[in-house]
Structures are given as C-alpha cells and as structure tokens.
Amino acid sequence: MLRYIVRRLLVSIPVLIALTFVVFALMRAIPGGPFDFVGDKSLPASVVANLERKYHLDEPLLKQYGRYLWDLLHLDMGPSMRERGRMVNDIVRDNFPVSFQLGAMSVALAVVMGIPLGILAALKQNSWIDYLATFIAVIGVAIPALVLAPFLIWIVGVRLGWLPAALWGAERPFYLGFIPKPTPDFFRHAILPVVTLGTGFTAAIGRLTRAALLQVIREDYIRTARAKGLRERAVVVRHALKNSLIPVVTVIGPLFAAVVTGTFVVEQMFAIPGMGKYYVTAISQRDYPVIMGVTLIYAVLLVAANLLVDMTYAWLDPRIRYQ
Amino acid sequence: MAVAERAVAALPVRRERSPWGDAFYQLTRNRVAVVSGILIIVLVLLALLADVISPYTYYETRVIDNYMRPGSKYLLGADTLGRDILSRTIYGIRVSLSVAVMAATVSLIIGIIYGLTSGYFGGRVDEVMMRLVDFLYGLPVIIVVILLQVYFKALGRRAAATGLSALLIKADLAMGGLLFIFIAIGALNWIGMARIARGQTLSYKEKDFVMAARAVGVGPIGIIFRHLLPNILGPCVVQETLQIPGYILLEAFLSFIGLGVNPPTPSWGIMIQEGYQAIRSYPHVLLGPALALTLTVLAFNFLGDGLRDAFDPVMRGT
Numbered sequence: 076m077l078r079y080i081v082r083r084l085l086v087s088i089p090v091l092i093a094l095t096f097v098v099f100a101l102m103r104a105i106p107g108g109p110f111d112f113v114g115d116k117s118l119p120a121s122v123v124a125n126l127e128r129k130y131h132l133d134e135p136l137l138k139q140y141g142r143y144l145w146d147l148l149h150l151d152m153g154p155s156m157r158e159r160g161r162m163v164n165d166i167v168r169d170n171f172p173v174s175f176q177l178g179a180m181s182v183a184l185a186v187v188m189g190i191p192l193g194i195l196a197a198l199k200q201n202s203w204i205d206y207l208a209t210f211i212a213v214i215g216v217a218i219p220a221l222v223l224a225p226f227l228i229w230i231v232g233v234r235l236g237w238l239p240a241a242l243w244g245a246e247r248p249f250y251l252g253f254i255p256k257p258t259p260d261f262f263r264h265a266i267l268p269v270v271t272l273g274t275g276f277t278a279a280i281g282r283l284t285r286a287a288l289l290q291v292i293r294e295d296y297i298r299t300a301r302a303k304g305l306r307e308r309a310v311v312v313r314h315a316l317k318n319s320l321i322p323v324v325t326v327i328g329p330l331f332a333a334v335v336t337g338t339f340v341v342e343q344m345f346a347i348p349g350m351g352k353y354y355v356t357a358i359s360q361r362d363y364p365v366i367m368g369v370t371l372i373y374a375v376l377l378v379a380a381n382l383l384v385d386m387t388y389a390w391l392d393p394r395i396r397y398q
Numbered sequence: 507m508a509v510a511e512r513a514v515a516a517l518p519v520r521r522e523r524s525p526w527g528d529a530f531y532q533l534t535r536n537r538v539a540v541v542s543g544i545l546i547i548v549l550v551l552l553a554l555l556a557d558v559i560s561p562y563t564y565y566e567t568r569v570i571d572n573y574m575r576p577g578s579k580y581l582l583g584a585d586t587l588g589r590d591i592l593s594r595t596i597y598g599i600r601v602s603l604s605v606a607v608m609a610a611t612v613s614l615i616i617g618i619i620y621g622l623t624s625g626y627f628g629g630r631v632d633e634v635m636m637r638l639v640d641f642l643y644g645l646p647v648i649i650v651v652i653l654l655q656v657y658f659k660a661l662g663r664r665a666a667a668t669g670l671s672a673l674l675i676k677a678d679l680a681m682g683g684l685l686f687i688f689i690a691i692g693a694l695n696w697i698g699m700a701r702i703a704r705g706q707t708l709s710y711k712e713k714d715f716v717m718a719a720r721a722v723g724v725g726p727i728g729i730i731f732r733h734l735l736p737n738i739l740g741p742c743v744v745q746e747t748l749q750i751p752g753y754i755l756l757e758a759f760l761s762f763i764g765l766g767v768n769p770p771t772p773s774w775g776i777m778i779q780e781g782y783q784a785i786r787s788y789p790h791v792l793l794g795p796a797l798a799l800t801l802t803v804l805a806f807n808f809l810g811d812g813l814r815d816a817f818d819p820v821m822r823g824t
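Chains A and B are the protein sequences, given in the same order. Read in order, the letters of the first sequence correspond to residues 76 to 398 in my numbering. Read in order, the letters of the second sequence correspond to residues 507 to 824 in my numbering.
Hints in this document: simulated from the structure, not taken from any laboratory. Note that the coordinates shown come from a computational prediction; the quantities given were computed from them, not determined experimentally. All C-beta atoms in this analysis are idealised placements derived from N, C-alpha and C, irrespective of residue type, glycine included. Among these hints, one or two may not hold up.
[Stated by the list, open to error] So the derived label-pair ranges between C-beta atoms look like this:
1. A:I266 with B:L551: 33 to 43 Å
2. A:G304 with B:L793: 57 to 67 Å
3. A:K199 with B:T567: 46 to 56 Å
4. B:L708 with A:L383: 53 to 63 Å
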C-alpha cells in the first residue's frame with residue numbers, strides 16, 4: 076500500500092507541472108498586465124517598465140516559468156503583484172483556512188444528511204417516502220446558491236434576525252493553522268453559508284446513494300447473504316452499503332477539492348474572507364502569482380482527494396487491491 | 507364467434523413502436539417530466555415573443571422610478587435604474603435558453619465526433635486521444651472558463667484586431683457578449699460527452715450488424731455515420747440534457763461576477779447580483795430573476811431525469 080501511495084504521488088508531479096504550465100500559458104496570453112491600472116489611473120510607461128523588471132516580467136516566458144518552479148521548490152509562491160507587500164504564501168495562510176472550514180463543514184453536512192436520505196429512499200423504493208425524498212433531492216439540486224444565499228440572508232438574517240447574515244465568526248489563531256475554536260459565535264455565523272453550500276451536495280449525494288444502493292441490492296452476493304438467513308439490517312449495513320458507497324466516494328473527492336478552495340458566490344454574498352474571491356479578482360487584475368497559487372492549491376487538493384478516494388475503495392470493496 | 511375471440515377483440519390494440527416512439531410514450535407517462543416540458547415550451551414562446559409581451563423594453567431607464575415596489579405600474583417592481591424587472595426577466599430567458607441550447611449543441615457535436623473517432627479506431631489513436639481527455643479533465647474548469655472570458659473581454663476592449671478575431675468580436679458585440687460565453691462554456695464541457703460517446707462506440711462496434719456492414723464493404727465513414735452514430739445518439743442526447751442545468755447556472759455565475767453578457771443585456775445572473783446588493787432595503791428586486799432561474803433549472807432537471815428514465819427503464823427513478 077505504501078509503495079502504491081508513493082508511486083501515485085510521484086506520478087502526480089508531472090501532472091501538476093503540466094497543469095500549472097497550461098494555466099501559466101493561458102493567463103499570459105491574455106492582453107494587459109498587472110500594472111495597467113492603479114485604481115482608475117494608468118501608470119507612466121517608464122514606471123510600468125521598472126515594475127516589470129522588478130518582477131522579472133521582461134524575461135522570456137519559459138525562463139519565468141522555470142523561475143516560478145524553482146521558487147516553488149523552496150515553498151515560495153511569490154509576491155502578489157496587486158496587494159503590495161503581501162506574499163501569495165500570506166494570502167493562502169490567511170484565507171485558505173476559512174474556505175477550508177466552510178467547505179469541510181458543507182461536505183460533512185452533505186455526507187451526514189445525504190447518505191441516510193439515500194439509504195432510506197432506496198430501502199423503501201417506490202413508497203411515498205422514496206418519492207418525497209427524490210422530489211426534495213431534485214429540488215435541492217436545482218436551487219442554486221445564487222438564489223438560496225440571498226433568500227436565506229433576507230428571511231433568516233434580516234426579517235427574522237435569528238442568525239448573522241454575514242461575516243465569519245472564527246477566532247484566530249486557528250489550531251494547527253486551520254481548525255477554529257468551537258465557539259457559539261463561530262457556529263452561529265457558519266449555519267447559513269454551510270446550509271447554502273451544503274444543500275446541493277446533500278441532494279446530489281442522496282440521489283447517488285439511492286441509485287447505487289438499488290443497483291448493489293440486486294447483486295448475487297446480496298441474494299446469498301439473504302439466503303443464508305441474515306437479518307435485513309445486517310444485509311444492508313454489512314454487505315450492501317459499503318459497496319454502494321463507491322460511486323458516492325468518487326464524487327466526494329473532487330467535490331471536496333472544489334469546495335474547500337472556496338466558492339466565490341457563497342463567500343461573496345456572506346462576506347466571508349476566504350480564498351474564493353481570488354479566483355475572480357486575481358484573474359481580472361492579472362495578478363499572475365496569485366492565479367498560479369490558487370490553481371496550484373486546487374490541483375494539489377484534487378490529486379490528494381483522488382488518492383484518498385482510491386484508498387477508500389480498497390477499504391469499501393475488498394475485491395479492489397493495489398500493488 | 508367464440509367467446510375467446512370476442513375477448514381478444516375487446517382488448518386494447520397495442521401498436522408496435524420504435525425504440526424512440528417507446529421512449530416518447532414512457533416520457534408522456536411521467537407527469538413531472540411532461541409539466542417540465544410544457545414549462546420549457548412556454549419559456550421558449552416567451553423568449554420568442556419577448557418584444558410583444560414585455561410591458562417595457564429591457565434597457566429603458568426611468569431614474570425617477572428607481573427601486574419602485576411591485577404595483578400596477580411595474581408588476582415585479584423596478585430596479586436601481588428604474589428599469590422594469592418583469593421585462594428584464596422575460597428578456598433574460600433569451601440569454602439562458604440560448605446558452606443552454608448552444609453549449610449543449612457544441613459539447614454534443616465535439617464530444618460525439620471525438621468519442622466516435624477514438625472508440626472506432628482504437629489502439630494507439632484511442633490511447634493518445636483519451637490521455638488528452640484525462641489531462642483536460644484535471645484542469646480546473648472554473649479557472650479556465652474565467653481565464654477565457656477575461657481573455658475575450660480584453661480582446662473586445664482592444665479594437666485593433668483584424669481578420670477573423672475582428673469578425674468574432676463584432677459578432678459577439680451584436681449578440682450582447684453571448685458568442686464568447688458559448689465558446690468559453692463549450693471549450694471544456696465536451697470532455698464528459700467524449701468519454702460517454704467512446705464507451706458507447708466500443709460496445710456497439712463489436713456487434714454483428716457492424717461486422718455485417720464491414721463484410722459487404724462499407725467504409726469507416728459509412729460505418730461511423732450510418733451504423734454507429736444512430737445507435738449512440740440517444741444515450742448521448744439524454745446525458746447532454748442532464749448537463750443543461752449546469753450550463754445555465756454557469757452563465758448566471760459568469761454574469762454574476764461581471765464576466766458574462768454585456769450590460770444592458772439582461773441576464774438573471776446580473777439581476778441577482780444587482781438585487782443582492784440592495785437586499786436589506788429592496789428585496790423585491792431579487793424575486794423575478796431568482797424565481798425564473800430556479801424554475802428553469804428545475805424544469806430542465808426534471809425533463810432530463812424523465813428522458814433518462816424513458817431511455818433506460820432499468821434504472822428508473824434513480
């Protein structure tokens with residue numbers, strides 16, 4: 076197993092390099108540069124030239140990319156070109172934990188609510204419970220965060236005033252750099268954004284669990300388990316459930332990577348200081364090192380999540396073995 | 507006449523149906539899917555007749571009426587510039603539906619051609635083409651789409667372009683910024699379709715009727731278009747329908763972050779963005795676009811599910 080993990084990590088290095096290179100090439104193909112405007116004013120050409128020399132933007136592109144990789148090897152993601160005096164490392168250290176907390180809680184909500192919902196619907200297939208659960212799931216998938224967020228802000232946050240409609244209540248510093256203190260203030264602030272982000276995932280995971288369980292329950296080994304006289308509960312929990320979770324785990328992996336790197340809409344609407352806004356602002360402002368930084372974090376998380384997913388397979392289905 | 511014969515004659519006649527006809531029959535029995543289909547037809551009609559139905563234009567501003575609440579003058583109220591929200595919501599259907607249709611068509615065509623080629627020729631060709639797909643699959647879609655949109659917007663601002671790019675920029679301007687949205691959304695979304703088309707091709711190309719066609723001397727082009735394509739088209743179209751809500755939401759997201767259609771073209775994403783900024787004082791601004799976006803996405807979801815159930819009765823209701 077350990078050898079498998081090491082090999083997978085080694086294989087992922089060229090993939091990461093290729094991915095960052097594509098994004099690097101794409102972002103440098105966009106006309107304009109980070110020093111086009113300061114506020115609404117444009118800088119004199121000589122100043123721009125000096126700034127570009129300082130940040131090595133006047134060098135050949137490949138050399139710049141090599142320089143970036145070299146710095147990366149020293150765990151340095153470079154300076155932000157728009158937020159003077161801030162390094163990309165600082166941005167990640169300050170903002171990423173917040174996105175991580177929001178995303179992890181949303182995925183956790185989806186797993187805790189969605190999987191039981193799916194199991195219930197599958198076991199009572201074609202009953203009113205099933206129809207209700209499926210209907211709710213479809214609606215849950217269809218209501219976008221773009222609509223749910225302002226709706227919750229207005230009803231729960233403004234009209235009823237039950238929960239804060241904005242900001243993030245976690246106190247710094249975080250344990251280990253990313254785990255917040257479980258204060259009441261933290262949870263009160265977290266409920267609305269987590270529900271906004273988690274509703275769609277809950278519905279998606281519920282539907283997937285139901286579909287997978289329905290398929291597994293028709294397999295021969297389930298019939299065998301029933302034939303040897305096991306109780307229905309044991310058949311479902313011990314034999315069917317684990318296998319049916321494989322497609323669910325498959326989507327949770329990439330989902331986790333996408334969510335914990337920040338979702339722009341939710342963070343923007345709830346004024347949460349996470350990573351999400353950099354995906355948009357860094358690109359519109361041509362803040363090259365920040366664009367590379369957010370891409371890299373996303374890609375690394377995706378590789379890690381996929382590796383975890385594959386390792387979970389082996390645990391869920393003993394027929395899967397890695398050498 | 508014998509009793510038995512009379513009994514048989516009294517039975518309802520079941521006409522034979524083609525697979526497509528059977529799928530359509532199954533679809534009409536799914537009430538939610540039928541309602542969704544009707545809703546989508548109504549949306550299409552509203553979009554086509556927007557000029558006739560809308561009480562106002564989508565761009566006309568009457569600053570004196572800004573943020574006017576819903577009433578007899580404006581059914582859904584007016585926005586920050588005093589534009590009628592109902593009219594803008596109706597015109598917004600055009601943007602959402604055209605993105606749905608165009609993104610789905612582009613992704614379907616590219617994906618099917620790619621997947622068919624890869625699956626049919628197999629071997630080295632398949633290996634190379636699928637490695638490329640695997641690699642593209644790893645690209646963060648949102649980042650690439652945003653990069654492309656920023657690129658197109660920057661191009662549009664530089665009027666110095668010549669030749670093809672100038673033509674594209676002009677066409678895009680005439681379409682209110684929609685053309686580049688089609689390209690940006692279509693650029694990566696064919697990947698999933700390519701995989702599905704390849705899988706379907708692989709399962710069909712070993713069948714006897716393909717062998718028979720090859721035996722009588724049909725060439726690769728003939729086999730691909732006459733024998734394989736009609737068979738894989740159904741499942742591919744169904745899968746594509748399931749992607750449409752995603753395209754609609756992606757366009758709304760792009761417009762929300764200011765990288766979508768050019769103002770004053772009304773997109774529900776822009777309208778939601780304007781609405782949420784005034785949410786504490788004027789929540790009515792959000793109502794029209796939010797309702798329209800949710801209903802449209804819901805309808806396409808239900809229709810896609812119904813289509814899949816109709817074509818794949820084994821997994822019905824999953």
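Given the range 33 to 43 Å, decide if the beta-carbon distance of I266 of chain A to L551 of chain B lies inside it. Distance hint for I266 of chain A, L551 of chain B holds at roughly 41 Å.
That 46 to 56 Å hint for K199 of chain A and T567 of chain B (C-beta), does it hold up? holds, 55 Å
Given the hint of 53 to 63 Å, is the C-beta distance from L708 of chain B to L383 of chain A inside that range or not? violated, 30 Å
Has the hinted range 57 to 67 Å been met by the Cβ atoms of G304 of chain A and L793 of chain B? holds, 58 Å
In this structure, only the earlier hint numbered 4 is contradicted, and the remaining ones agree with it.
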